[in-house]
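Chemist: Here is what each chain is made of, one letter per residue.
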Amino acid sequence: MAALLDKRLIFVTGKGGVGKSTVAIALGLVAARSGLRCIVAELAAQERIQRAFDHEGEHFAEVQLAHNLFTISIDPQHAMEEYLRIKAGPLGHALSASRVFNAFAMATPGMRELLSIGKVWELAQLERRTSDAAPYDLVIVDAPATGHGLGILKTPRTFAEIAMVGPIAHQGRAIADTIDDRSFTGIVAVATPEEMPVNETLALGEALEHDGLGLDAVVVNALYPRRFSDDGDLSSLNAALAATTDAHARAALKAALSEHARASSQREQRDRLAASLRSEPIELPYLFVGELGPEQLESLADVLEPGLRAG
Amino acid sequence: MNIAELLAGKRVCICGGPGGVGKTTTSAAIALGMAAQGAKVAVVTIDPAKRLANALGLKELGNEPRRVDPSRLSGAGEVNGELWAMMLDPKRTFDELIERIAPSVERAEEIKRNRVYSELSTAVSGSQEFTAIAKLYDLDRAGEFDLLVLDTPPSRNALDFLDAPGRLTAFLEGRALKTFIKPTGLGMRVLGRGASPLLGVVRRITGIDLLSDLSTFFGLLGGMTDDFSVRAAGVERMLRAETTSFIVVTSAQNDSIEETIWFGRTLESSGFPFAGAIVNRVHHDLLGDRDPEDVSAALESGLGAELATRVAENLHDYHVLARRDERNVARLTAEIGTRPLLLVPHLDDDVHDVEGLLRVHRYLFAPDDERDQMLADVVA
Chain E
1050 MAALLDKRLI
1060 FVTGKGGVGK
1070 STVAIALGLV
1080 AARSGLRCIV
1090 AELAAQERIQ
1100 RAFDHEGEHF
1110 AEVQLAHNLF
1120 TISIDPQHAM
1130 EEYLRIKAGP
1140 LGHALSASRV
1150 FNAFAMATPG
1160 MRELLSIGKV
1170 WELAQLERRT
1180 SDAAPYDLVI
1190 VDAPATGHGL
1200 GILKTPRTFA
1210 EIAMVGPIAH
1220 QGRAIADTID
1230 DRSFTGIVAV
1240 ATPEEMPVNE
1250 TLALGEALEH
1260 DGLGLDAVVV
1270 NALYPRRFSD
1280 DGDLSSLNAA
1290 LAATTDAHAR
1300 AALKAALSEH
1310 ARASSQREQR
1320 DRLAASLRSE
1330 PIELPYLFVG
1340 ELGPEQLESL
1350 ADVLEPGLRA
1360 G
Chain G
64 MNIAELLAGK
74 RVCICGGPGG
84 VGKTTTSAAI
94 ALGMAAQGAK
104 VAVVTIDPAK
114 RLANALGLKE
124 LGNEPRRVDP
134 SRLSGAGEVN
144 GELWAMMLDP
154 KRTFDELIER
164 IAPSVERAEE
174 IKRNRVYSEL
184 STAVSGSQEF
194 TAIAKLYDLD
204 RAGEFDLLVL
214 DTPPSRNALD
224 FLDAPGRLTA
234 FLEGRALKTF
244 IKPTGLGMRV
254 LGRGASPLLG
264 VVRRITGIDL
274 LSDLSTFFGL
284 LGGMTDDFSV
294 RAAGVERMLR
304 AETTSFIVVT
314 SAQNDSIEET
324 IWFGRTLESS
334 GFPFAGAIVN
344 RVHHDLLGDR
354 DPEDVSAALE
364 SGLGAELATR
374 VAENLHDYHV
384 LARRDERNVA
394 RLTAEIGTRP
404 LLLVPHLDDD
414 VHDVEGLLRV
424 HRYLFAPDDE
434 RDQMLADVVA
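Going down the list, the protein sequences come from chains E and G. Position in the first sequence (from 1) plus 1049 gives the number in my numbering. Position in the second sequence (from 1) plus 63 gives the number in my numbering.
Treat the hints with care, since some could be wrong.
Unchecked claim - Each computed SDA-like pair below joins lysine to any residue, with the alpha-carbon atoms no more than 25 Å apart: (1) E:Lys1303 to G:Ser364; (2) G:Lys73 to G:Asp226; (3) E:Lys1303 to G:Asp357; (4) G:Lys154 to G:Arg204; (5) E:Lys1303 to G:His346; (6) E:Lys1203 to G:Asp110; (7) G:Lys154 to G:Leu222; (8) E:Lys1203 to G:Asp152; (9) G:Lys103 to G:Gly339; (10) E:Lys1203 to E:Glu1171.
To be verified - Here are some chain E residues the structure puts well away from chain G; computed CB gaps all over 12 Å: (11) Gly1084; (12) Ala1110; (13) Glu1111; (14) Glu1244; (15) Pro1355.
Said to hold, decoys possible - Have a look at the derived ranges for each label pair, beta carbon to beta carbon: (16) G:Gly140 to E:Phe1337: 34 to 40 Å; (17) G:Arg394 to E:Gly1261: 44 to 50 Å; (18) G:Glu172 to E:Ala1143: 38 to 44 Å; (19) G:Ser181 to E:Glu1176: 32 to 38 Å; (20) E:Ala1182 to G:Glu376: 46 to 52 Å; (21) E:Arg1276 to G:Ser134: 37 to 43 Å; (22) E:Arg1316 to G:Glu376: 18 to 24 Å; (23) G:Asp152 to E:Phe1233: 33 to 39 Å; (24) E:Glu1176 to G:Arg394: 27 to 33 Å.
If you're looking for bench data, these hints aren't it; they were derived computationally from the structure. We put the beta carbon where it would ideally sit given N, CA and C, even for glycine.
Based on the provided sequences and hints, a complete structural model is requested.
Modeler: This is the structure in structure tokens:
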């Protein structure tokens, strides 16, 4: 499988609402099962991942979710304070307490992204610069939606080019080199089998190739089961609907027809995506549950694991 | 209450909310509905699906609204007003803004060539939000439309839309930087060594070239920073005006509802006119109290036992989602108080063409009793 889980840093991205966090955690579970010490990092302070594991309220710290599996929610402000503490000692404290400096740093375009990705990079180092922090074998980033996701990958290079010399340039270059190193960094796109997410995934793949990068895996998430066949079942369902006046029977038949239509349109989108990719996308099923909890995430990891191996 | 009542007398409608919930289609459906009622409406969108863009004739980019050919909207019944639409080009909007407020053509060109500017106007996140608001503001001031509908840019977090433009404006105003950079006859230069021990640390951490690049950029902007401040105040007034409505669009999924509640609270606490919510893709309860087993028995004679069982299983799965949606809609209803909340059912296919637009439009603009009937028809 390996190719993907042999990497040290994986960005999981995709259009909003496609289940990036879910896939990122499922991937983390697969990695943890195979014995890797793994952390899933969220780049927006939403703590979705902690919530899925019924943890609440740990902000911006590394939190253990299961054996070998950790999570952190990265906040630019917090990342900056940490960076300053380490780089500038007591003066760093003074600086991070300075309102003027904070306003300057947070207002500088791209600075928030640079600080966030700098923290991701720090997590992926075998020698952690935060004191007494143990290294991770794998860092999985639950990245922002695609448009911004690409931006965040480019930020370090941009800063390195603008700053040219000095610590920011140096740091930016080191991070950018890490991201460009395809044996170190992988990119996974998540799409639901719908028109817009598929379009965005294809556009992302093209944009990455343009930059000399590429998608290491594509996950089609939330695929409906194919419960009803196009020929026999469909005509039976329609005939039964025409024949009955029972409200509940009609509701059940309508739900079946609707499901069939949706599953068909999903298959079309899935095929369209697969046709444009070099390798088959990995499929994850739609889960008909009220809420995704640890049990469902484990079951998605069960599906993901052989999918990764095949890819 | 329907959308037409909600937006009566309004000049600006901003559709915000989490990503991937159908904001673009909903915005277009709102604009279409208001146009049908006789208003001259423009919808500003960022990234519409190709089929929808083609259908509305949005292919021809111009970064200005264009009128949608009425023949394309024949399915909407009689359209008494006018529907205009545009696809925002953030880079171009930014350039036009600079061209407008720069003291000379030469200065505008120089700014557009500047490295900091080119990053600012393209790569940096927040530039979409900033330019979307800038465009909205200019269209509002030009006053050529009765109503403007803004489809907010896709982002990880609905709140970005409220935060990002302010951050960029703060940067352009250069307030924070004035402490570090001092104006000189020819522009600005970084304060000398020893200005403060803090500055030494800043230099050590950031690298001097970043600061001098920034100072060149601000030197070019010169007095224009005041124009940014004036505009920002105008934008603020527009966003808070009585004639502006924020409508939050969401799906009924847990995460989306969570984010919507958070977004709504922020709108409320920051004093933005939060008018109501639209929940897309709602699974309506088809089963009520009845046991799926009963349904399966009722279907058996027509379908045979095996197919009847699959139909019942499907209904059962659907019902799980219906109950989830019911819970989530109830949570949102409790949260938004007396503001209207409109439900659009989970439709059979992806809604990315005029047909789909019209379907959403019917749910949003039907009078209450007619909408109830339409929902009842979904069920029975």
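Chemist: Does each hint hold? Answer for all of them.
Modeler: Hints and how they fare:
1. In summary, the hint linking E:Lys1303 to G:Ser364 is supported, as the alpha carbons are separated by about 17 Å, within the 25 Å threshold.
2. For the given pair, G:Lys73 sits about 24 Å from G:Asp226 by alpha-carbon distance, which is consistent with the 25 Å threshold.
3. The hinted pair formed by E:Lys1303 and G:Asp357 meets the criterion: a straight-line CA distance of about 16 Å does not exceed 25 Å.
4. Between the alpha carbons of G:Lys154 and G:Arg204 the distance comes to roughly 21 Å, so the proposed pair stays at or under 25 Å and holds.
5. The suggested pairing of E:Lys1303 with G:His346 holds, with an alpha-carbon distance near 12 Å, which does not exceed 25 Å.
6. Restraint check for E:Lys1203 and G:Asp110: satisfied, since their Cα atoms lie roughly 21 Å apart, inside the 25 Å limit.
7. Our distance criterion of 25 Å between C-alpha atoms is met by G:Lys154 and G:Leu222, whose separation comes to about 22 Å.
8. Distance hint between E:Lys1203 and G:Asp152 is fulfilled; the C-alpha atoms sit about 20 Å from each other, no more than 25 Å.
9. Restraint check for G:Lys103 and G:Gly339: the C-alpha separation of about 22 Å stays at or below 25 Å, so the hint holds.
10. Only pairs whose Cα atoms come within 25 Å are accepted, and E:Lys1203 paired with E:Glu1171 is accepted, the gap being roughly 17 Å.
11. The Cβ of E:Gly1084 lies farther than 12 Å from every Cβ of chain G, with a closest approach of about 30 Å, so its non-interface assignment holds.
12. Look at E:Ala1110: its CB is around 21 Å from the nearest CB on chain G, clear of 12 Å, so calling it non-interface holds up.
13. No beta-carbon of chain G comes within 12 Å of the beta-carbon of E:Glu1111; the shortest separation is about 21 Å.
14. Chain G draws E:Glu1244 into its interface by the beta-carbon criterion, the shortest separation being 5 Å against a cut-off of 12 Å.
15. With a cut of 12 Å on Cβ distances, E:Pro1355 stays outside the contact zone with chain G, its closest approach being about 24 Å.
16. Against the hinted window of 34 to 40 Å, the Cβ-Cβ separation of G:Gly140 and E:Phe1337 comes to about 37 Å, which satisfies the hint.
17. Look at G:Arg394 against E:Gly1261: about 46 Å separates their beta carbons, and that is inside 44 to 50 Å.
18. Hint check: G:Glu172 to E:Ala1143, Cβ distance near 42 Å, so the stated range 38 to 44 Å holds.
19. Restraint check, G:Ser181 to E:Glu1176: a C-beta distance of roughly 36 Å satisfies the suggested window 32 to 38 Å.
20. Hint check: E:Ala1182 to G:Glu376, Cβ distance near 48 Å, so the stated range 46 to 52 Å holds.
21. Remark: the range hint 37 to 43 Å for E:Arg1276 to G:Ser134 is upheld by a beta-carbon distance near 40 Å.
22. In this structure the hint that E:Arg1316 and G:Glu376 lie 18 to 24 Å apart at CB holds, the actual value being about 19 Å.
23. Range check, G:Asp152 to E:Phe1233: about 35 Å between beta-carbon atoms, so the 33 to 39 Å window is met.
24. About 46 Å separates the C-beta atoms of E:Glu1176 and G:Arg394, a value inconsistent with the hinted range of 27 to 33 Å.
Figure legend: structure checked against the earlier numbered hints; hints not met, in rising order: 14 and 24.
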